[in-house]
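These protein sequence lines are chains A and B, in that order.
Numbering follows our numbering, in which position 46 of the first sequence is assigned residue number 46; successive positions increment by one, without gaps.
Numbering follows our numbering, in which position 226 of the second sequence is assigned residue number 226; successive positions increment by one, without gaps.
Quick caveat, the hints were computed from the structure, so don't treat them as lab data.
Do not rely on the hints blindly, as some may be mistaken.
It does not matter which identical chain is used: a pair holds within one copy or between any two.
Stated by the list, open to error - List time: in silico DSS-like cross-link candidates among lysine-lysine, alpha-carbon distance up to 27 Å:
1. 16 - 273
2. 153 - 102
3. 7 - 180
4. 180 - 16
5. 153 - 180
6. 273 - 88
7. 180 - 102
8. 99 - 86
9. 99 - 16
10. 153 - 99
Since the model is a prediction, treat every value here as computed from it, not as a measurement.
Given next are the chains, with one letter for each unit.
Protein chains: 2
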Amino acid sequence: MEIVLAKSAGFCFGVKRAVNMAFQAAEEDENICSLGPLIHSPQLVERLEAEGISVVNDINAVADQSVIVRSHGITRQEEDYLHQHKLKVVDATCPFVKKAQKYAGLLGAEGYSVVIVGEQEHPEVQGILSYVQNAEVFVAADVETAAQIPLGKRVGLVAQTTQAYENFSSIALKLLERSKELRIFNTICDATSVRQNEARELAGAVDVMLVIGGYNSANTNRLARICREILPHTYHIETANEIFDSWFDGVERVGITAGASTPEWIIREVVAKLGKVQ
Amino acid sequence: MEIVLAKSAGFCFGVKRAVNMAFQAAEEDENICSLGPLIHSPQLVERLEAEGISVVNDINAVADQSVIVRSHGITRQEEDYLHQHKLKVVDATCPFVKKAQKYAGLLGAEGYSVVIVGEQEHPEVQGILSYVQNAEVFVAADVETAAQIPLGKRVGLVAQTTQAYENFSSIALKLLERSKELRIFNTICDATSVRQNEARELAGAVDVMLVIGGYNSANTNRLARICREILPHTYHIETANEIFDSWFDGVERVGITAGASTPEWIIREVVAKLGKVQ
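Bound-form chain A, shown alone (with noise of 0.2 Å):
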């Protein structure tokens, strides 16, 4: 059976930045936690928390600590806390996400409506949505949703970084349709399109498809979504303990490809339980 890795499995830019940081930071500081899992990936995280960094929920539970600032963010209410409160922190927002904030809120205070391609309940939207200010702002996850926003005339569109670009494109269209001004900034990370682009075609070219990453990331869920429509034999799994030698029966080639917050050692050890598959 040939197994086939796509190039841009597992992590981005902003998240491997995100991942040196926090063990960077895991060095030199004993107090430390991170608001909110650092990543989008279980394991990770408790490899973390084996280098004594906690995970805190809540902004309150924060007691005088060093504070990682995950690579999605947080609101700008949060990082008025830290501010006020004096904490110590270790900033590894991405700085594609910084510009999604930065363009929003340069949106609402040029007067646009505006509007938020992503799902509300994402903590980098949540993120985004707080640095408008005195402005309407609206999170649209799909097109009909888009349809319904009650908009002005002049309206504003960013992504979460994320996002699907045929999404966000649609999304723009009928903005485009409701307005007389429609001011885009395409704050999609070309890490997320590659990363599609390239799992399209390789469920394309093989009979069985791999997509591994934290059952609650987003990114790697959308991943999985767009290999199953080209190929019904996807499985979305969170590590190798979970493949079935079933699924391999009579396959030639198998594609693998892995969310933005897979880490590498994960998908190394799907990699090699399959080279074992009779």
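With chain A's structure known, arrange chain B on it following the hints.
Here is chain B on its own, set in the frame of chain A:
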């Protein structure tokens, strides 16, 4: 035979305004010309000439006369020329065209690569184009052209006011693919899309469709194309004289629409002639 006349057939707001301004000016001023034909209707231009308004195609040929600026507008250079030569100007530029000129200028001033959706040689496009200063500016008639434009990361988009919305939005979508920021002013005049939608609907409900308007009128040509896609039995005519009875053999319903620069009396003549078809 039932005759259905589209509600939106004929003069739009800007043309009605320009024609009224021209007849008014002819009453007040004996030495007056229009820079280019006032609207794309040879029949109306003839009437204006009878009122003493000559057509001057080259601005350098204007000699101490009052000048009517037609609804399409003029270039910034022509505007400057008229100003410098202290000529009396009756500015009948359509207010919607003025907006397109203004937004194109604003986008250029704010450092965007400016794209104008329209035909390069259209006088309105030439006018809009000239208001972009110290910035790159391109004209795209279709998606294929838009795909080739050498763009910066920040792209601004406006449209010649009588463009079809579908073409405009397709070009917007292509430019979104190719830029980081896309700022769109939808400068398409509502009257155009209302007229186009009504024509599309009417063409689907009749056996023969007549589209009345100058052969040199871009918006009339587009209207005829839209109808022909729905109904091959669509005829583009300039006057009632061009109608052949044989077009209506066995026909139960005939639909009529007319371009933005088609005078009311020409539409009436066509309706009258159809009433006499055996």
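Here is what the structure says about each hint:
In this assembly of identical chains, residue 16 and residue 273 lie within 27 Å of each other by CA distance solely inside one copy; the values are 24 Å within and 77 Å between copies. Taking the shortest alpha-carbon separations for residue 153 and residue 102, both the intra-copy value of 22 Å and the inter-copy value of 17 Å come in at or below 27 Å. Proximity of residue 7 and residue 180 under a CA criterion of 27 Å is satisfied inter-copy only: 25 Å between copies versus 42 Å inside one chain copy. Taking identical chains as interchangeable, the C-alpha atoms of residue 180 and residue 16 lie at most 27 Å apart only when they sit on different chains, with a minimum of 24 Å there against 41 Å within one chain.
In this homomeric assembly, residue 153 and residue 180 come within 27 Å of each other (Cα to Cα) both inside a single copy, at 5 Å, and across copies, at 22 Å. For the homomeric pair residue 273 and residue 88, neither the shortest alpha-carbon distance inside one copy (42 Å) nor that between copies (86 Å) is at most 27 Å. In this assembly of identical chains, residue 180 and residue 102 lie within 27 Å of each other by CA distance both inside one copy and across copies; the values are 23 Å within and 14 Å between. For the homomeric pair residue 99 and residue 86, the shortest alpha-carbon distance inside one copy (25 Å) is at most 27 Å, but the shortest distance between copies (50 Å) is not.
For the homomeric pair residue 99 and residue 16, the shortest alpha-carbon distance inside one copy (18 Å) is at most 27 Å, but the shortest distance between copies (48 Å) is not. For the homomeric pair residue 153 and residue 99, the shortest alpha-carbon distances inside one copy (24 Å) and between copies (15 Å) are both at most 27 Å.
Comparing the model with each earlier hint shows a violation of hint 6 alone; every other hint is respected.
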